[in-house]
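Enquirer: Spelled out, the chains give:
2 protein chains.
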Amino acid sequence: METAENRRPKHRDAEATKARIFAAAAAEFAERGLAGARVDAIAKRAEANKQLIYAYFGGKEELFAAVVGRQLEELVEEVEIDPERFAEYAGRLFDWHAERPELVRLLLYEGLMYDTGSVPNDDARTAHSRDKVKAVRAQQKQGGMDATLDPRDLVMLVIALATATDAMPQLARMIEGGDPRAPRARARRRAAVVEIVRRAATPSSS
Amino acid sequence: METAENRRPKHRDAEATKARIFAAAAAEFAERGLAGARVDAIAKRAEANKQLIYAYFGGKEELFAAVVGRQLEELVEEVEIDPERFAEYAGRLFDWHAERPELVRLLLYEGLMYDTGSVPNDDARTAHSRDKVKAVRAQQKQGGMDATLDPRDLVMLVIALATATDAMPQLARMIEGGDPRAPRARARRRAAVVEIVRRAATPSSS
Numbered sequence: 001m002e003t004a005e006n007r008r009p010k011h012r013d014a015e016a017t018k019a020r021i022f023a024a025a026a027a028e029f030a031e032r033g034l035a036g037a038r039v040d041a042i043a044k045r046a047e048a049n050k051q052l053i054y055a056y057f058g059g060k061e062e063l064f065a066a067v068v069g070r071q072l073e074e075l076v077e078e079v080e081i082d083p084e085r086f087a088e089y090a091g092r093l094f095d096w097h098a099e100r101p102e103l104v105r106l107l108l109y110e111g112l113m114y115d116t117g118s119v120p121n122d123d124a125r126t127a128h129s130r131d132k133v134k135a136v137r138a139q140q141k142q143g144g145m146d147a148t149l150d151p152r153d154l155v156m157l158v159i160a161l162a163t164a165t166d167a168m169p170q171l172a173r174m175i176e177g178g179d180p181r182a183p184r185a186r187a188r189r190r191a192a193v194v195e196i197v198r199r200a201a202t203p204s205s206s
Numbered sequence: 001m002e003t004a005e006n007r008r009p010k011h012r013d014a015e016a017t018k019a020r021i022f023a024a025a026a027a028e029f030a031e032r033g034l035a036g037a038r039v040d041a042i043a044k045r046a047e048a049n050k051q052l053i054y055a056y057f058g059g060k061e062e063l064f065a066a067v068v069g070r071q072l073e074e075l076v077e078e079v080e081i082d083p084e085r086f087a088e089y090a091g092r093l094f095d096w097h098a099e100r101p102e103l104v105r106l107l108l109y110e111g112l113m114y115d116t117g118s119v120p121n122d123d124a125r126t127a128h129s130r131d132k133v134k135a136v137r138a139q140q141k142q143g144g145m146d147a148t149l150d151p152r153d154l155v156m157l158v159i160a161l162a163t164a165t166d167a168m169p170q171l172a173r174m175i176e177g178g179d180p181r182a183p184r185a186r187a188r189r190r191a192a193v194v195e196i197v198r199r200a201a202t203p204s205s206s
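Listed in order, the protein sequences are those of chains A and B. Sequential numbering from 1 applies to the first sequence in my numbering. Sequential numbering from 1 applies to the second sequence in my numbering.
These aren't lab readings, by the way, just hints derived from the structure by calculation. Take the hints with a grain of salt, since some may be wrong.
One copy or two, it doesn't matter: identical chains are merged, so the pair holds either way.
Claimed, not checked - With a cut-off of at most 20 Å between alpha-carbon atoms, the simulated SDA-like pairs for lysine to any residue come out as follows:
| id | residue 1 | residue 2 |
| --- | --- | --- |
| 1 | Lys-134 | Gly-178 |
| 2 | Lys-60 | Ala-35 |
| 3 | Lys-134 | Ala-185 |
| 4 | Lys-50 | Gly-178 |
| 5 | Lys-60 | Arg-184 |
| 6 | Lys-141 | Glu-61 |
| 7 | Lys-141 | Ala-16 |
| 8 | Lys-50 | Arg-186 |
| 9 | Lys-141 | Gln-71 |
| 10 | Lys-10 | Asp-122 |
| 11 | Lys-141 | Ala-24 |
| 12 | Lys-10 | Tyr-114 |
| 13 | Lys-60 | Gly-36 |
| 14 | Lys-18 | Ala-48 |
| 15 | Lys-134 | Asp-179 |
| 16 | Lys-10 | Gly-91 |
| 17 | Lys-60 | Arg-32 |
| 18 | Lys-44 | Ala-66 |
| 19 | Lys-18 | Ala-37 |
| 20 | Lys-134 | Arg-188 |
| 21 | Lys-134 | Gly-177 |
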């Protein structure tokens, strides 16, 4: 019998299934973390076969790494680092994370699990980080950015500033005295992040 | 029979047991989080009776909150906010967390669990946060600190800067190209945090 299922090209099926697995895994991992998530639950959410997940990705750790890696690729593409307008870059980073809080949760769970140890897709991600540091260093050498701060500190601390609310939302709420993600609070926080980065990155006149 | 056990005053016994439970719970929660930790494991680690833990603290969530609350009390006592020397305060905050990375892990797990929802000891902690914000606002009014940034943003973002390495240790390592907690990297990061906060808090000359 010809069904809707077997009329679709196989390649497209596989891609669609993978996309469903990615979405389901991202949601499950963001909720429960690497330790708490279950591949069974991801398979159910994705309406996919559990064995297929193992066949495509290897195991739970590899799937977690693939999900984080894919979201980071999207982030790198959609929010290109711009050392010439570093403060505005911080603002765009802030906006991206605000719209997609899943990634911060994934990164927090990842950090809690691996600490400073290697992750399965470590090389590709470390290369991305190195590129960012290089871009900032080049801008410093051209005199377009304050050069007293190490580019590694600038790159890391901009991430910390841009993700602060979602990294410790309970503290953000206590300090705010209200919802730190309410539009007004968020807009004010964004402006503060941009301004702090602007002051940190502006070449000193001395 | 008179044993070593029943010669000790009861009150002191109870205090010693509570102290052991706090230490064991902090370690277990920092490792596994609120969801992953087991009261059984805490009891075993503390060499205490599981029923005693429930009697003293209520349940796992209350014990978690008590552990976080206690460490925050210690932090508040040992690193008093000093809006007159706000950059140096950021540096001392950085040092405290560097020496006691357990609390950042507890706060991350707490944020992942509760997000912006209430925690069991919410009122006391929110009051502490409000005090910090008030202290910064008073300093701004006196003209001793830049007043273009909201005190809530300053308080939150200083925490984000001071805890960046331990909040996302895997990113810190990738960006560093080495151990971000090595003495040299840590000293450089500390100086960068202090300098960024100094630039953020210095009253503008305009």
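Enquirer: Are the hints correct? Go through all of them and say.
Expert: Quick rundown of the hints versus the structure:
| no. | hint | in the structure |
| --- | --- | --- |
| 1 | Lys-134 / Gly-178 | between (39 Å within a copy, 16 Å between copies) |
| 2 | Lys-60 / Ala-35 | both (9 Å within a copy, 19 Å between copies) |
| 3 | Lys-134 / Ala-185 | between (33 Å within a copy, 17 Å between copies) |
| 4 | Lys-50 / Gly-178 | neither (42 Å within a copy, 37 Å between copies) |
| 5 | Lys-60 / Arg-184 | neither (39 Å within a copy, 35 Å between copies) |
| 6 | Lys-141 / Glu-61 | neither (40 Å within a copy, 51 Å between copies) |
| 7 | Lys-141 / Ala-16 | neither (46 Å within a copy, 58 Å between copies) |
| 8 | Lys-50 / Arg-186 | neither (40 Å within a copy, 43 Å between copies) |
| 9 | Lys-141 / Gln-71 | neither (31 Å within a copy, 43 Å between copies) |
| 10 | Lys-10 / Asp-122 | neither (31 Å within a copy, 54 Å between copies) |
| 11 | Lys-141 / Ala-24 | neither (44 Å within a copy, 50 Å between copies) |
| 12 | Lys-10 / Tyr-114 | neither (37 Å within a copy, 42 Å between copies) |
| 13 | Lys-60 / Gly-36 | both (11 Å within a copy, 17 Å between copies) |
| 14 | Lys-18 / Ala-48 | within (9 Å within a copy, 48 Å between copies) |
| 15 | Lys-134 / Asp-179 | between (37 Å within a copy, 18 Å between copies) |
| 16 | Lys-10 / Gly-91 | neither (42 Å within a copy, 58 Å between copies) |
| 17 | Lys-60 / Arg-32 | both (13 Å within a copy, 18 Å between copies) |
| 18 | Lys-44 / Ala-66 | within (19 Å within a copy, 37 Å between copies) |
| 19 | Lys-18 / Ala-37 | within (18 Å within a copy, 33 Å between copies) |
| 20 | Lys-134 / Arg-188 | between (30 Å within a copy, 18 Å between copies) |
| 21 | Lys-134 / Gly-177 | between (40 Å within a copy, 12 Å between copies) |
Hint compliance for this structure: hints 4, 5, 6, 7, 8, 9, 10, 11, 12, 16 are not met, and every other hint is.
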